[in-house]
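FYI, in this note's numbering the residues of the sequence shown are 786 to 1359.
Read the hints as simulated data drawn from the structure, not as lab findings.
Please note that the accuracy of each hint is not assured.
[Unchecked claim] When the alpha-carbon atoms are kept at most 16 Å apart in a straight line, the in silico EDC-like pairs for lysine to aspartate or glutamate are as follows: (1) K1103 with E1031; (2) K1174 with E1136; (3) K1170 with E1136.
All of these numbers come straight from a predicted model, not from anything done at the bench.
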Amino acid sequence: MKKPSTLFAVLFAVVGLSKSFAQVGEETMKPVTRTYALKNVTIVVKPGQTISNGTVIVKDGLIHAVGQNIAIPPDAKVLPSDSLYVYAGFIDALGNTGIPKPEQPARPTGGPGGGGFRQPGVNTGSPTNEQAGIQPELRARDLIKPADKSIEDWRKLGFTSAHTMPFGRMLPGHTALIALGGTQADNMILRDNFAFSSQLTGAQTVYPNTVIAVISKYRELYKQAEQAKSHEKMYASNPGGMPRPEVDRSLQAFYPVIDKQRSVCFVAPDVKSIYRVMSLQQELGFPLILANVREGWYVADQIKTKNIPVILSLDLPKPEKKDAKKDSLIAKDAELKALEARRAAEMKSYETQAAVFAQKGINFGFSTLNSKLADVRESMRRMIKNGLKEDQMLAALTTTPAAMFGVSGSLGTVEKGKTANLVLSKKPYFDEKSQVRYVFVDGTPYEFEPEAAAPAGRPGAGGGAQASAAAKIAGKWRYNIETPGQSFGGDMVFKDEGNGNLSGTWTTAQGETKSMENVKLSGNVVTFTSVVTMGQEVNLGFELTLDGNKLSGKVKAGDAGAFPVEASKTDPKE
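Kindly produce the complete structure, drawing on both the sequences and the hints.
Given below as C-alpha cells:
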C-alpha cells in the first residue's frame, strides 16, 4: 500500500499539471431588412398541426403571417428555405445557459502556512454563506453574459430561449427565462426572478456538506425567514418598543416563496432526491417544481396526484458499446447474464421515462443541465424510439414550457403575432439525418452551413467528422484538475496535423512544458499519455470529450486514481 506522503507527491505531480469564437458554420445574417420570407416550407404550427407548402413572413421581430398563398412583402428578404421544416423555437426548461461557470476558488489547505494537502474532514466553524453554497439572493439576470459561448452552442441545436439558473450548490440563486440572442443582458430577459433554485448539493469541506445536513439547513433557513418576515411586518406596522430588524438578503430571498408567489425549482435527479424534496415540500408547504429528473418513473403516480410541475433531464446514460468477447462470456455465465439483464432493464427505464410520463398525462419540459451538446439530439431520438411520440417530444420543447413559464401568448407555436423564434431544419427535426439550417431569435436570423458528409474510407481520418473534430480541438485550452482538497490548472495546446490527427503539449502548474504522447482521436474523444517526475516517474493518461468549446473528462495518475478534468478554449489556433 502506498504511503500517504508518497500518494500526496503523486497527486502533486499530477496537478503540477476569453475570447469566444463563433461556432463553425454559424453566421448572424446582416440586418439589411427586418422582414423575411420563408417560402415553400412545411410549417409545424404546433404539435399535431402542420401546413404543407406554406409561407411564413417575419417582420420587426414578430411572425407577421403564416399559411398558404401568402403575399410576399416587397421589402422582404426571401431566404433559400424551399422544402425546409419550420418549428417554434425550443425552450430549455432548466440549464445554466448564458452564465459563465465561475472559476473554482482555491480550497483551504492543511497546515498553518497553507502548504501541503488538507486531510479529509469538515470545517465545523462558521463558514460564510458563499462558502456554504447559500446565495439565494443572487439573480441570474445579473450574471448573464450575452457573448457566452453556451448561448451560441444551444442556439445551433434549435433552442431560442432558456430558463437559466446560477451555478452553485445548495441555494444558487434566482432563475430567469432568457432569449438566446441579443447584445445586452437586460434586453434578453423574458421572465425575471421566475423561480427560487435549490439543490441537495452539499458544500465542500464546510457545513452543510451532506444531503442530510443540507435538508436540515434548508429547514432552519426557511423557519428563520418566516420569523424575519413576521418581525419586519410587525415593525412596519408599529415600530414602537421593537428593535429595528436586521437586513439579511439571504433570508429575504425566501419571502416570495413563503408567500407562495414564487416556486422552488428543486433539482432532484435521482429517486432518493425526489422523495426527500417532496417530503420537505410537504413539511414546509412551498410551491414546487421538480427539475432535472432522471429517475422519476418510480414516483410518476405521486407526481401526477400532487400535480407537481416537472422538468425531465435530457441527459441519458450512454449505452455500452457492443463487445463480442463480453457477449460470449455473458452467454456462458448465468450470473453475468442476470446482471446484464438488470442493466438492460435499468437503461430501458431511463429511455422510457418520458413516454411513461406522457402516457400518464403528465406534462413536462426538458432540462439541459449536465447534458452534452453532442448527445442531446440522440437522446431525443432514443426517447422517441422507446415510446415517446414526436408530437409529445415537440410539446415538451415548445408548448409545455411556454405554458409553465407563462409565455404562451408569445412563444411555443408558429402563429401570427407571436415572437419570431423559429427553427428551420432540413428533413423533420427528429430525423437522424436532419440538419438545422436557420434559427430565428426575436426575428434575427442565424444561418448554419450544411454539414458535409464524411468521406468513406479516408485513411487515418475517420472521415470528415474526424477531421472536423480535430480542427475544433486544435488551439490553446485552459484546463483545471480537481484533486482531494485542492484544484490546479495549466494550459494544453493541440495541433491539427491533418487527416484527423493531433499532437500537442501541456504545461504543469509550475510552468514546465510536457509533450502529449500517443494522442488519439475517436469521434469527439481525445486521449493522450504523458509522464511527470516527482521523486519517481508517474504515468498519466488523459481522456477528454469535446462538447462545444469545452473539454471534460479525467486523468488517471498511476496508482493514485483518476481525477476530473475540465478545459475551456482560450485561442482557436496556436
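Next item on the list: Go through the numbered hints given earlier and state which of them the structure violates, listing their numbers in rising order.
Entry: The structure conflicts with hint 1 only, although it agrees with all the remaining ones.
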